[in-house]
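Novice: Okay, here's what each chain looks like letter by letter:
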Amino acid sequence: MLPELSREEILRYSRHLLIPEVGLEGQRKLKNSSALIIGTGGLGSPVALYLAAAGIGRIGLVDYDVVDSSNLQRQVIHGTSTVGKLKVESARDKLIDLNPDIQVDVYNEPFTSENALRIARDYDIILDGTDNFPTRYLTNDVAVFLGKPNVYASIYRFDGQASVFYAKEGPCYRCLFPEPPPPGLVPSCAEGGVLGVLPGTIGTIQATEALKVLLGIGEPLIGKLLLYNALDMTFDFVKLKKNPNCRVCGPNADIKELIDYEEFCGVPSHDHEEGSAGAGLDITVQELSERLATNHFKLLDVREPHELEISALPNAKNIPLGQLAARLSELDTADEMVIFCKSGGRSARGLELLVSAGFKKVKNLKGGINAWAREVDPEVPIY
Amino acid sequence: MPVLRIPTPLRSYTSGQSEVNVSGGNISDALTDLTAQYPTIKPHIFNDGGELRPFVNLFIGENNIKDLQGVATPIKDGDRLVLIPSIAGG
Numbered sequence: 001m002l003p004e005l006s007r008e009e010i011l012r013y014s015r016h017l018l019i020p021e022v023g024l025e026g027q028r029k030l031k032n033s034s035a036l037i038i039g040t041g042g043l044g045s046p047v048a049l050y051l052a053a054a055g056i057g058r059i060g061l062v063d064y065d066v067v068d069s070s071n072l073q074r075q076v077i078h079g080t081s082t083v084g085k086l087k088v089e090s091a092r093d094k095l096i097d098l099n100p101d102i103q104v105d106v107y108n109e110p111f112t113s114e115n116a117l118r119i120a121r122d123y124d125i126i127l128d129g130t131d132n133f134p135t136r137y138l139t140n141d142v143a144v145f146l147g148k149p150n151v152y153a154s155i156y157r158f159d160g161q162a163s164v165f166y167a168k169e170g171p172c173y174r175c176l177f178p179e180p181p182p183p184g185l186v187p188s189c190a191e192g193g194v195l196g197v198l199p200g201t202i203g204t205i206q207a208t209e210a211l212k213v214l215l216g217i218g219e220p221l222i223g224k225l226l227l228y229n230a231l232d233m234t235f236d237f238v239k240l241k242k243n244p245n246c247r248v249c250g251p252n253a254d255i256k257e258l259i260d261y262e263e264f265c266g267v268p269s270h271d272h273e274e275g276s277a278g279a280g281l282d283i284t285v286q287e288l289s290e291r292l293a294t295n296h297f298k299l300l301d302v303r304e305p306h307e308l309e310i311s312a313l314p315n316a317k318n319i320p321l322g323q324l325a326a327r328l329s330e331l332d333t334a335d336e337m338v339i340f341c342k343s344g345g346r347s348a349r350g351l352e353l354l355v356s357a358g359f360k361k362v363k364n365l366k367g368g369i370n371a372w373a374r375e376v377d378p379e380v381p382i383y
Numbered sequence: 001m002p003v004l005r006i007p008t009p010l011r012s013y014t015s016g017q018s019e020v021n022v023s024g025g026n027i028s029d030a031l032t033d034l035t036a037q038y039p040t041i042k043p044h045i046f047n048d049g050g051e052l053r054p055f056v057n058l059f060i061g062e063n064n065i066k067d068l069q070g071v072a073t074p075i076k077d078g079d080r081l082v083l084i085p086s087i088a089g090g
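Heads up: the sequence lines are chains A and B, in that order.
The first sequence lines up with residues 1 to 383 when you count with this note's numbering.
The second sequence lines up with residues 1 to 90 when you count with this note's numbering.
FYI, nobody ran anything at the bench for these hints, they're computed from the structure.
Careful, some of the hints might be misleading.
[As the list claims (entries may be wrong)] Covered stretches of chain A, going by a simulated chain B footprint (3 or more residues, C-beta under 8 Å):
no.: 1; segment: 122 to 133
no.: 2; segment: 158 to 168
no.: 3; segment: 171 to 178
no.: 4; segment: 188 to 199
no.: 5; segment: 336 to 342
Glycine residues also receive a C-beta, built at the ideal position from the N, C-alpha and C atoms.
Using the sequences and the accompanying hints, generate a full structural model.
Specialist: Here you go:
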């Protein structure tokens, strides 16, 4: 039995009730349905706002982060007044203000192999709005094991992808991407940036697909992948097929339970570019500050040229990470060197490259120039 | 010539080009031509053994070459090849 709509709800959803494909019965279906949104960031913001506005009866929000002012360029569910607050609480307050008739359940915890099945079990549909590979594989496997649709979207700079991975009716995420890329090969949004409006475009497509699946109308993106590019303003679609060798949804699947996804992907399940090269290979900003006064060593900045306009350290040589392998001849293995970037992630990979090329006197600046700005020189902006 | 569409994350290896003209009778030839034109893209597409990396998806039109004949899939003038990257941002 579908729940009835109150007089107030009938008025609130009147524009839905006027569409024959939704109508009174469709709106009651939405009221009776539940959606779990993994991540309340760039994608999670529009997804949660539009699903709440549409009258999904129960919305679950999973995130463990706090709102940072660098989020607000795209994470429109949060605001300047909620900087420093838990993201799930900031988001819940906004959703309840938008639509007090719905229930919002919050999970202020990372989505992990330990809690994922328990959290996701009671929802009709899962929306993947995370920012990292381990959580994407986890979300996929949870959806496959629980037999639920996984409405997928992901973004980078000007590119967006969206699909509905529903192993009962089509391919899953692993059918398309059996393995993650090697660590460091694909930059994250924290490293490479993202156009603020891009998650708005792609997140609203994700919300559209969720509503179609819940209402049982139209043609959801099952077996299809949308590829969007904002610069070219192109929408391309490709066909996806079930992979007969898929390790979670294929006929001979060998992955039957959730695994260690950080180990599988070789990267942590968050997008905070807090890079460290490991024991003995890092130098802290305090150490650098002390040693700069006495020692002579070279500074190597592996950020992109346009980042130097934001902040810089004096006398640093700039070779963007992508060019480092080809420009090793500009460096001297005899020099003592400190390599740095924005937060220490790219420079840690640069250090690895230098060490394998025979450089022995290189250290990675832990936390990058942003740590320098935070702890040593307040005149340098943090970005 | 067939045209290969390059996704944003790989454009830094193709001098910013979003599309590259590639020559050859099949996918393997086309990728060899691509890596000859832009050598630094090679490790992002092939592993050390010279095989296509498992996370690299290449489509002809709307079909995955994995569902066709893999790198032996023939191509012709006017074909549109699309490299699909694994991205994780959200």
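Novice: Next, verify each hint and record whether it holds.
Specialist: Structure-based check of each hint:
By the rule of at least three residues with a Cβ nearer than 8 Å to a Cβ of chain B, the coverage given for the segment 122 to 133 of chain A holds, with 6 such residues. Closer than 8 Å: that is the beta-carbon criterion, and the segment 158 to 168 of chain A has 3 residues meeting it against chain B, so the requirement of 3 holds. Look at the segment 171 to 178 of chain A against chain B: 3 of its residues bring a Cβ nearer than 8 Å to a Cβ of that chain, three or more, so the hint holds. Note: the segment 188 to 199 of chain A has 5 residues with beta-carbon separation from chain B under 8 Å; the three-residue rule is met and the coverage holds.
Here's how the segment 336 to 342 of chain A fares: 0 of its residues keep a CB closer than 8 Å to some CB of chain B, so the rule of at least three is not met and the hint is violated.
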